[in-house]
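Residue numbers (the numbering used here), protein chains in the order written: chain A, 2 to 486; chain B, 202 to 297.
It should be emphasised that the hints constitute simulated quantities derived from the structure, not laboratory data.
Where hints are given, some of them may not hold.
What the hints assert, rightly or not - A few chain A residues that face chain B, going by a derived Cβ cut-off under 8 angstroms, partial list only: (1) A30; (2) G44; (3) A90; (4) Y144; (5) N362; (6) E363.
Ideal Cβ positions, reconstructed from N, Cα and C, are used throughout, including at glycine.
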Amino acid sequence: MNIDYHLYEAVIGLEVHAQMLTKSKAFCADATEYGALPNTQVGPVSLGHPGTLPVHNKEAVKYAVKLGLACQCDIAAHNYYARKNYFYADLPKGYQISQHTTPICENGFIGIKLKDGTEKRIGLIRIHMEEDTGKSMHDQDVYDTLIDYNRAGTALVEMVSHPDIRTGEEAYQYLTEVRKLLRYLDICDGNMEEGSMRCDANVSVRLKGAEAFGTKVEVKNMNSIRNVQRAIDYEIKRQIEAISKGEKIYQETRTFDAMKGETLVMRTKEGASDYRYFPEPDLPPLHITPEFIDVVKEQMPALPKELFHKFTAVYGLSEYDAGVLTENKDVAAYFETVLKHTGNIKAAANWVMVQVKGYLNEQALEIKDFVLQPAKIAEIIDLIDSGKISSTVASKEVFPAMIHEHHKSALEIAEALNVLQESNSDELQKIVDEAIARFPDKVAEYKSGKTSLVGLFMGEVMKLSKGKADPKVASKLVKETLDNK
Amino acid sequence: MDISNELIDKLADLAKLEFNGEEKEHIKNDLSRILTFIDKLNEIDTNGVEPLIFMSDAVNVLREDEVKQTITKEEALQNAPKKDSDYFRVPKFLDK
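All chains, full assembly: derive it from the sequences and hints.
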């Protein structure tokens with residue numbers, strides 16, 4: 002059967018849960034450190050013991066407002082929480098505390114840029130605060146499910162997008178931007194493998210131009226941004242093929258199998274779940290004042306978009322370079338610190354993008370763990386610019402040696418490696434004279450018009466100087482000397 | 202108010218309770234009486250009255266983001282009907 006996929010378009014909305022990097026939980030003072038031994042970061046509140054009362058973490062509110070401001074959202078002045086009731090073993094209270102009725106942020110958007118250069122805004126319906134559940138392990142024991150409540154009660158925000166997304170690539174770019182923002186704001190580490198950032202995708206397809214939405218399917222369990230894209234691409238294809246064959250799309254939850262690259266039915270949704278929401282009476286209302294918002298605004302770091310603009314408009318970098326350098330807040334900060342020590346912006350950008358990032362990738366390190374201070378990179382650039390070392394020597398020899406002896410200056414390292422170029426004309430002249438004296442016949446050929454022989458003399462100069470002659474100065478001297486013969 | 206068997210079954214399912222024949226009749230009666238009582242409240246016109254959610258005037262009761270571990274793992278597990286040295290144990294279940 003021939004299916005024309007282009008007749009259809011997909012309608013995709015994403016829900017992102019992000020674990021806040023607060024030290025303690027949303028409603029009690031248990032620790033939230035990742036990887037702790039099971040059930041060591043729990044307390045009477047997070048275990049849902051009767052008679053306990055939740056108290057809201059101020060920092061968690063700040064983080065949610067930060068995110069809202071970064072996404073141009075409206076911040077709600079009056080907030081209260083609701084109880085979302087359901088029965089499940091990872092939820093000891095029997096309800097999740099969630100801002101069901103009054104999300105702290107509404108509207109706003111995430112700007113994305115696609116590979117072909119198209120820019121698009123993905124609208125946000127809401128960002129609300131809630132708490133995480135415990136972790137269930139079904140495969141550790143034959144008879145029982147094991148529960149670790151360390152995660153129960155950890156502060157979360159949920160970001161719900163409008164169904165503005167049309168392709169897997171758009172979803173990929175959206176999540177990349179969201180993660181970048183969370184990391185810039187320092188409110189979530191955005192690690193999908195460890196589950197500190199999670200994404201559910203609502204996917205439906207319809208004929209292009211149709212007004213009504215198709216039946217939507219929820220896809221879960223994607224542990225990387227790439228896998229969200231794969232799952233969505235698979236799901237779009239599956240739905241189009243089913244519709245083309247006259248089959249019905251069922252409203253269901255599917256899980257993504259990353260090995261097979263397929264989505265599989267997890268459960269069907271017969272009627273809406275009955276969560277019996279009602280206002281949480283144990284948490285007094287939360288009023289966000291303009292003064293509170295001002296305090297948060299003052300603490301906002303420069304956002305990726307602002308830095309991108311600065312890097313292109315002020316530093317004159319290409320969009321590509323600015324993109325690479327602003328991907329990560331710490332890399333951008335490192336680059337800007339290098340600039341405090343050197344005026345050569347282009348070289349600084351190249352060194353950070355190529356040598357520094359290359360080394361970090363190779364060693365699987367974060368830039369915050371990099372031993373070389375930004376000033377050292379500026380020292381290398383200065384040595385190159387002043388003709389003391391060649392850029393090849395700088396990246397192949399000086400840079401690796403500096404990583405091993407990071408307290409030494411670039412000049413000290415270059416001296417120790419004996420790679421400083423000879424750019425002293427008097428010294429070089431002697432070498433040039435010697436090189437030329439070795440080939441009297443070639444000098445004659447040069448004089449008769451074979452100027453390409455400069456290369457041969459240069460080679461000899463480099464050999465005699467053991468590679469330390471500054472090529473620019475040497476080549477000038479060689480030509481001058483030959484021409485004056 | 203009339204309470205159907207379906208409603209009782211649904212509520213029982215949501216509350217994870219089980220009622221057999223006689224108990225079901227009993228709970229039907231109780232629930233019916235409770236709802237009749239609540240219906241009495243519906244006689245009052247509450248148009249334009251904001252629901253009262255909070256009994257006190259307190260707002261913005263917030264704490265600083267500080268860790269304070271109040272109990273040990275052993276204490277956490279102490280009251281669990283089934284446990285091992287590290288985990289709470291519950292019957293196997295899948296999916297929400």
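Results of checking the hints against the structure:
1. A30: It holds, given that the least Cβ distance between A30(A) and chain B is near 4 angstroms, below 8 angstroms.
2. G44: holds, 5 angstroms
3. A90: Given a least distance of 4 angstroms, the restraint on A90(A) holds.
4. Y144: holds, 7 angstroms
5. N362: Hint on N362(A): violated, closest Cβ of chain B at ~34 angstroms, above 8 angstroms.
6. E363: Cβ of E363(A) sits 36 angstroms from chain B, so the hint is violated.
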